[in-house]
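Put the complex together from the two separate chains, hints included.
Here the protein sequences come in this chain order: A and B.
Reading the first sequence from the start, the letters are residues 142 to 740 in the numbering used here.
Reading the second sequence from the start, the letters are residues 407 to 774 in the numbering used here.
By construction, these hints were calculated from the structure, which means they are not laboratory data.
Please note that a few of the clues may not be correct.
What the hints assert, rightly or not - Calculated pairs, DMTMM-like style, for lysine to aspartate or glutamate (alpha carbon to alpha carbon, straight line, at most 20 angstroms): (1) A:Lys333 / A:Asp432; (2) A:Lys263 / A:Glu280; (3) A:Lys148 / B:Asp472; (4) A:Lys263 / A:Glu242; (5) B:Lys625 / A:Glu354; (6) A:Lys343 / A:Glu309; (7) A:Lys148 / B:Asp567; (8) A:Lys263 / A:Asp544; (9) A:Lys144 / B:Asp706; (10) A:Lys333 / A:Asp439; (11) B:Lys625 / A:Asp366; (12) A:Lys333 / A:Asp265; (13) A:Lys144 / B:Glu537; (14) A:Lys333 / A:Glu354; (15) A:Lys333 / A:Asp348; (16) A:Lys343 / A:Glu320; (17) B:Lys586 / B:Glu537; (18) A:Lys263 / A:Asp243; (19) A:Lys263 / A:Asp329; (20) A:Lys144 / B:Asp541; (21) A:Lys333 / A:Glu314; (22) A:Lys343 / A:Glu706; (23) A:Lys148 / B:Asp541; (24) A:Lys263 / A:Asp348.
What the hints assert, rightly or not - Heads up, incomplete: computed chain B residues facing chain A, CB under 8 angstroms, no partners named: (25) Phe581; (26) Leu638; (27) Gly642; (28) Phe646; (29) Ala675; (30) Gly679; (31) Thr710; (32) Ala717; (33) Thr721; (34) Val734.
Here the structure is a predicted model, which is why all the values come from computation and not from measurement.
All C-beta atoms in this analysis are idealised placements derived from N, C-alpha and C, irrespective of residue type, glycine included.
If you want the building blocks of each chain, they are given just below.
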Amino acid sequence: MNKSMLKRLRFFSAATLLVMLVLTARLAWLQIYRYDYYFSRAETNRIRALPVTAPRGIIYDRHGEVLAGNRAGFTVSLLDLPKRDRPEVARFLATLLETDEDWIHERIAERRFSTFAPIRLKNDVSPEVVARVREQQLELPGVIIETQPVRYYPGGSLAAHLLGYVGEIGPGELQRATEQGAAYRAGDNIGKFGLESAWESKLRGRDGTLLVETNRFGQRVSVLDQENPLPGHNLQLTLEARLQRAAEQALAGVIAAAREAGNEQAGRGAIVALDPRSGEILALVSYPAFDPNSISLDFPALRDDRDQPLVNKAILGTYPIGSTMKMVGAVAGLEEGVLDERTRIVCSGPKIFFRGENPRGCFRGAAHGPLNVVRALAKSCNIFFFELSLRLGIDTMERYAHDFGFGRLTGLQDITGEADGVFDSREQRRSRGTRWHPGDVLSVAVGQANTRVTPLQLANYAALLANGGIHYRPRLVRAVTNHQGEEVYRSEPEILRSLEYSEETWHIVRQGMESVTAPGGTAATLFRLPVRIAGKTGTAQVGGRDTNLSPHTLFVGYAPAEAPEIAFAVIVEHGESGALTTLPLVEALVGEYFREAGE
Amino acid sequence: MFDHRLWRNLDFPLLLLTCALVIVGLVVISSATLVNISGDQFFYARRQAVWIVFGFSALLLIASIDYTQIHRLAPYLYVLNLLLLLAVLFFGREAWGAQRWLDLKIFNFQPAEFAKIILIVTLANLLAAREGNFDAFFSSIPSLAHVLLPTVLILLQPDLDTSLVLLVTAFGMLFMAGVKSRHMHVYLLLSVIGSVLFYFFGLRDYQRLRLTVFLSPEKYPLGPGYQLNQSLIAVGSGGFSGKGLFDGTQSQLAFLPAQHTDFIFSVLAEETGFIGAVTLLLLFSLLIFRILRIAAVARDSFGTLVCVGVAGMFTFQLLVNIGMAIGVMPVAGLTLPFVSYGGSSLLTNLLAVGLVLNIGMRRHKLMF
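In isolation and in its complexed conformation, chain B is listed as follows (with noise of 0.2 angstroms):
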């Protein structure tokens, strides 16, 4: 199962994109938390450099398996998946009023990152063994139901954001296998029915204004408008070339609550400006385009599916995160791939990529 040919075919590019974002990612969390309560100013750097590691090991070690292995663990995955997440419900650790993270002694670990990158394995699963028959209406309901299973769940914890990452991931999934654009304008239609139906009954007061106080930021400086004003400061502030790694007033001020986290774009804003927030953009849309790539060449149907649902979940956290940092999105709990700080998320991140790099390997059949 491990042959060198295989390597000849690994695309470097890509693994040198994740590299970047990586890096570009530590040295942000540097700079955002070096004013801390723990007193020590490499203490979140350190941390998240030892998952950079183990996140590199997992990533090479999913590439050298060769995917088909994983294809046929599918529905054992789905099985694994969702135990985790009831796991988490009954015995997760409770933090900031949700319940999302188990606690393992060594780490705390968060079943619903992994929910994400599972699901993207089991749906393309299921699809590609459906594939060309979808023209019937209710063909592609099993698939809906598989995705509805483990999204329940999350919304549940409660974490909106990620159930949300799962439903736009798995329509864009849906989309590519083929199903009929008029099934999916239905089922956009009911999306948008739903989600209006939960906005105003599912929701309380304070939660429909953290969803909409972005249109207006400037009304609430304090309170749930607080966070976007000084993110947007923070960005605005930033200027052309920014104002220099280390030296941002906002962020060395710790103005912004989840500074290393959901809101290191604003960092990386203020600190190296407009062409340090393209540039990320640019590194973004360069890895997004292998992937994609990747998708064109694959060897079969499943592949094509798992790397269009990792460059589909990519593409949505970035939007959603970025979006929120410069306020043309919600304010919402999602992290930005490879640069927030947090272990579950980068991980599940590296392990994403390492699958798509292990269908760009194992592009051609080989000939032995």
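Next up, chain A with everything else stripped away, as it sits in the complex (with noise of 0.2 angstroms):
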């Protein structure tokens, strides 16, 4: 090293040095020459940042009927609570608040770690609450009233499993939505189920903050600034909440009537109704429902309800079919040439099929002498579905079956949890390791096999013969607005597949099922109507031929039959008589959806 470097590195040396005192000076003019200044700074700083809860988007029907609101609503919280002031405190608010002692401290400790926001104690107090903590303040150190929104249903159960519910989000949640990026607190509201857990990104919207000033007792005493939250977007349904009401209040009629006539096993039921032109949900009820308003305190009692108030039967529940099955083999019969309009199968009465087996019939054992496909279907005969389904065989069922949409999804994605239910098949067989009869095919064609089927896919089918195979996916929101108004997304109709049919086995379907609701028909009531209804009924033996189970009673079909606004699936579980649960049913629905206004 040459003695310039060394000079150089010299000066190196005390420019680092001069740093240092420079920098240690500074220090000991902050904090030995400024301390009081800075210590009674430190004190009397209690500037809080204060999250302000935004409101939740608002849910509205087609018409704009609002369906999910918000009102205002008190929250009991705790800002900084000096140690010493803990236990007297917390015993006061254990009995404000109906909650003991421990808890109250629990969570005290368990926030200790993990934010520096207030800790929410309880949601939506009463008014009498909020003035017992006012008139005390002065005793109460660091409890503060946050006034938040509050999810509010005016319908009460109106539509609930489609709305869904909110509730506090859980530990596992949290971790979630923080892994994901998304900023929750312990403490905040999140959507639990149906398209408030869905669509919870849109509805929630982004918290604000209140930067203030408190005094020592936690009131606030100025705001120095504040950024306001931003109101989560709004969800326009596809749902007529009026026909949803009516669809709701004409199901728990029947079946409450059911019931008083001493069919105990009745309880429970599910209705979908969809616009066949676009695949948009009209109603979607499931019975029974519950009270999002108060689904917290209902809770344990609804999760212990034997009708299971909090499933959504509607997507979810999956029924056998029963003879609403008739149209998958009459339009695989004409399609596959097996027969034509003319051709005719005498049915003669119960009759022994396979060699060993109980002989199988129509209802009550009738005899409906020679019919062609279309009197089949008003009539219902079960030996005219028996020799096709022979004719048929059972792979040729299960095609059109698939292409119908059973054992398959809908595609319903506004909502989760869509069930696919089961086509009873070879291959279904084969997978359960069960064995296939011969005889089997003849169950699998009237529907008393084992296939299971969701009401939405029931009504997904209705759909697809009344507008000729096209399967649209079935929607429930039809656009989503910002809290300005303005539209950030509609949703059009989604054309997920078509069924390429002859033009002559649609007219042939419909035109039977136009015959079940004329007289001489298996729903001949409904031909009273002012507007003609197609469809079919059903009525699935349920639990085996052994136990006293009464059959589940099921409904498909849409209407005007000439140019179809409505396709519709009901079923009554356990409802014993079509004529009693299922067609009323249809009367209130279609009768609501085609009542004018006002009248």
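Here's what the structure looks like:
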């Protein structure tokens, strides 16, 4: 190392030393000379950033009726609570909020290391509680009242399964949300079910902050700055609230009447109605329901209820398809050329199809005589469809059932949890390890085998029959708008697939469905309605021959028969008699749909 | 290449000082992040501990390779450096309005941090080769170009603070290499003019305010002055002996933003007081003097220049970071070496120490 370099190195050391001295001098100034000033600033430094919860987006029906909104609620929260005051304050709050002291201490302890935001003790307290806290404010350091929007469902249990509900975010959900980069805090609400859950990210909005100066009692002295919350996006649904309400009331009425008449098994049911021209869901009912306004209180009872009110049976309940299966056979027969409109099969009462089997026949052992496919549908003749199924074979039947969407999802994405059901077939039996018997094809043909379908699948099936085989994705959300009313998303009809059957086939099968509701058909009572309905009744045996369970009653159909606007499926579990259950429901549903407003 | 005689020459005080600073950092990070959004009180401390283990392994590795090997690699390193910085501009992950990170799946990597140490090595290589040939004014132009290229790439991210570290470090190295002082004065003047022009024409109003708010923080209790005021209150209220570890009211109530990274010093000063803060400065002084001592005994100018570069980098970052926390420097986004939370920065600093240790170990030409 040469001399000049060494000199420069010395200069370097001197510069470093100078930097250190300057910093030390400044530290001494701040920490020693000005200590008193800064100490008192720190003591009175009670600027707190309070989160302001964003109001959740509002959910409207297709005509703007509010299905889920917000109202103001008061929350009792804890800001920093001095240690020495803790036992006393906890005792007071425990009595006031009707909880126990340990729980409050736990809340304080568990939040010690997670966030510095206020600890929310109880949401939506009564005005009396608010008044008591305000009166005693001086004895309650650190206790504050926050106003927070509370989710409110004006219709009570109206469309509960579809709207869902909100609840306090759980530890697991919080962790997942944090990992995904969403800003949630313990104590925040989150959608737990239905649309509230599936559309959480849109509905939620962004919380704001209020920078406030508080005194040592935690009372707000002044607001220093604020960042307003951004309200969540609003959802406009495809649902007709009017239709939904009528359907729910009719279903509840029918079930109540059935129980009154001594049918103790009745108690559950579902209705799905959609627009066959677009896949828009107009009504979606699952009975019994719950009230999302009081879900947190009712939850234990609802969970243990035998009739499972918390399950959305319209998309998740799987039922034997019953005679509503028969259109699949009819379409298959016509398309495969094994029959045409004029082909007659003679029904002469119950008969034995396979050796060793019991005789099989029609409802109440009827003998319908010779009938073509239209009349076979009108009468729901089993013998006709037994014979037809033998001509078609199970594999062909399966292909058509699959075409109509059985055993596969309808594609509903606006709420989660759709079940795909089962179509009983050779393949199905193989995967379950049970044997396929030649006679099983007969059971499949009239919907009495192990086939299980959801009400949504049935409604979609009705829509396919109504619109000539176009499978639209079922949709619940029509549009999303921001809080300023600007549209940020609009859903369009989405064709998932189209069935390429001949016009002739559709025409004949529709004729059959129309004759069901005509004089002489199994649903002739519907003939008196001003609107022509096409449809098919179903009565599905449940639990085998030996049990004394009443059969489920079903109806799938669409209206008006000549230019369908609504396609639907109705099911009453253990409804026993279609005339007393599903037919009045169809009447109420279609009647309400075509009722002129104001009538 | 691995010789036990070499390890006898290892500068243990420097290694110990480094360890001490890293441990201080880990403790203060634990305190600063007890309250955090993840709900796990040691979330950050645990991550930092992993980086410490990783960083010291890298330090030992770099110390064991003869630095003449690294010397020889300098041109390739320079190209690699530019490629990494370009990669950030094109594929980088954006956060806080700047694009600084490369997402390496297991961790995010900040090439600008590594650019500092790579530039020290490549510039030392260039200057050592031209040693004694700095009489003509234009003789230092290539070195300037050498520095400006990566600096501009970092400035584009945009990361003004790190590009300044690069410039200041390079300036120190040019001076050390023997560039004539009147040439240095010209550069200095040009930088001042450039800075002034940049201040008035290259910055937006809020950026200008951010640079000058430290002169009168009381005027802006919220907004631009909020961080600084809270930091001053934290430091000042720490007093002579501090409020005790984990007991700082400012820190534990999370008044300070970025308190585990840029404002880590405020937490330390609040909780350990003047004593703790000055002890930290003392540790840093000793560390830097140890590095300068090795600079003085290095066997070649390349070694000397690398040591000076490392010392300059540490000193400047420390001045800016601590200066910001106590209101003598503008608020900038620079980490406090070894102490702040952050993997890339810790790894860079430990690599730099490893390099210096390497130069110290091989100060004598070994006779075989």
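Evaluation of the provided hints:
For the hint linking Lys333 of chain A to Asp432 of chain A, the alpha-carbon distance of about 14 angstroms falls within 20 angstroms, and the restraint holds. Taking the CA atoms of Lys263 of chain A and Glu280 of chain A, the gap is near 19 angstroms; set against the 20 angstroms cutoff, the hint holds. Of the supplied pair hints, the one linking Lys148 of chain A and Asp472 of chain B is violated, its CA atoms being roughly 28 angstroms apart against a limit of 20 angstroms. The straight-line distance between the Cα atoms of Lys263 of chain A and Glu242 of chain A is roughly 13 angstroms, inside the 20 angstroms bound, and the hint therefore holds.
Straight-line distance between C-alpha atoms of Lys625 of chain B and Glu354 of chain A comes to about 17 angstroms, which keeps the hinted pair within the 20 angstroms bound. Proposed proximity of Lys343 of chain A and Glu309 of chain A is supported: the alpha carbons are some 18 angstroms apart, at most 20 angstroms. Pair hint Lys148 of chain A plus Asp567 of chain B does not hold up; C-alpha atoms about 30 angstroms apart against a cutoff of 20 angstroms. Only pairs whose Cα atoms come within 20 angstroms are accepted, and Lys263 of chain A paired with Asp544 of chain A is rejected, the gap being roughly 52 angstroms.
A distance of roughly 14 angstroms separates the Cα atoms of Lys144 of chain A and Asp706 of chain B; the hinted pair therefore holds under the 20 angstroms criterion. Between Lys333 of chain A and Asp439 of chain A the alpha-carbon distance is near 15 angstroms, which keeps this suggested pair within the 20 angstroms criterion. The suggested pairing of Lys625 of chain B with Asp366 of chain A holds, with an alpha-carbon distance near 15 angstroms, which does not exceed 20 angstroms. Simply put, Lys333 of chain A and Asp265 of chain A have alpha-carbon atoms about 18 angstroms apart, close enough for the 20 angstroms limit, and the pair holds.
For the given pair, Lys144 of chain A sits about 14 angstroms from Glu537 of chain B by alpha-carbon distance, which is consistent with the 20 angstroms threshold. As the CA atoms of Lys333 of chain A and Glu354 of chain A are separated by approximately 35 angstroms, the hinted pair breaks the 20 angstroms bound. Straight-line distance between C-alpha atoms of Lys333 of chain A and Asp348 of chain A comes to about 19 angstroms, which keeps the hinted pair within the 20 angstroms bound. Between Lys343 of chain A and Glu320 of chain A the CA atoms are separated by roughly 18 angstroms; this keeps the pair inside 20 angstroms, and the hint holds.
Annotation: proposed proximity of Lys586 of chain B to Glu537 of chain B holds, straight-line Cα distance about 12 angstroms (limit 20 angstroms). Proposed proximity of Lys263 of chain A and Asp243 of chain A is supported: the alpha carbons are some 15 angstroms apart, at most 20 angstroms. Taking the CA atoms of Lys263 of chain A and Asp329 of chain A, the gap is about 12 angstroms. The hint holds against a cut of 20 angstroms. Proposed proximity of Lys144 of chain A and Asp541 of chain B is supported: the alpha carbons are some 17 angstroms apart, at most 20 angstroms.
Note on Lys333 of chain A and Glu314 of chain A: the hinted pairing holds, with a Cα-Cα distance of about 10 angstroms set against a maximum of 20 angstroms. Pair hint Lys343 of chain A plus Glu706 of chain A does not hold up; C-alpha atoms about 30 angstroms apart against a cutoff of 20 angstroms. With a CA separation close to 18 angstroms, the supplied pair Lys148 of chain A and Asp541 of chain B stays within the 20 angstroms bound. At roughly 19 angstroms between alpha-carbon atoms, Lys263 of chain A and Asp348 of chain A fall within 20 angstroms of each other, so this suggested pair holds.
Annotation: interface hint on Phe581 of chain B holds; nearest CB of chain A at approximately 6 angstroms, less than 8 angstroms. Taken as an interface hint, Leu638 of chain B checks out: its beta carbon lies about 7 angstroms from the nearest beta carbon of chain A, inside 8 angstroms. The criterion of a C-beta within 8 angstroms of any C-beta in chain A is met by Gly642 of chain B, whose closest approach is roughly 3 angstroms, and the hint holds. Interface hint status for Phe646 of chain B: upheld, as the beta-carbon distance to the closest one in chain A is roughly 6 angstroms, under 8 angstroms.
Interface hint at Ala675 of chain B: satisfied, since its Cβ lies 7 angstroms from the closest Cβ of chain A, which is below the 8 angstroms cut-off. Interface hint at Gly679 of chain B: satisfied, since its Cβ lies 6 angstroms from the closest Cβ of chain A, which is below the 8 angstroms cut-off. Restraint check, Thr710 of chain B versus chain A: the minimum CB separation of about 7 angstroms is within 8 angstroms; hint holds. Evaluation of the Ala717 of chain B hint against chain A yields a held restraint, the C-beta minimum of about 7 angstroms falling below 8 angstroms.
Taken as an interface hint, Thr721 of chain B checks out: its beta carbon lies about 5 angstroms from the nearest beta carbon of chain A, inside 8 angstroms. Given hint, Val734 of chain B at the interface with chain A, holds; its Cβ is 5 angstroms from that chain's nearest Cβ, closer than 8 angstroms.
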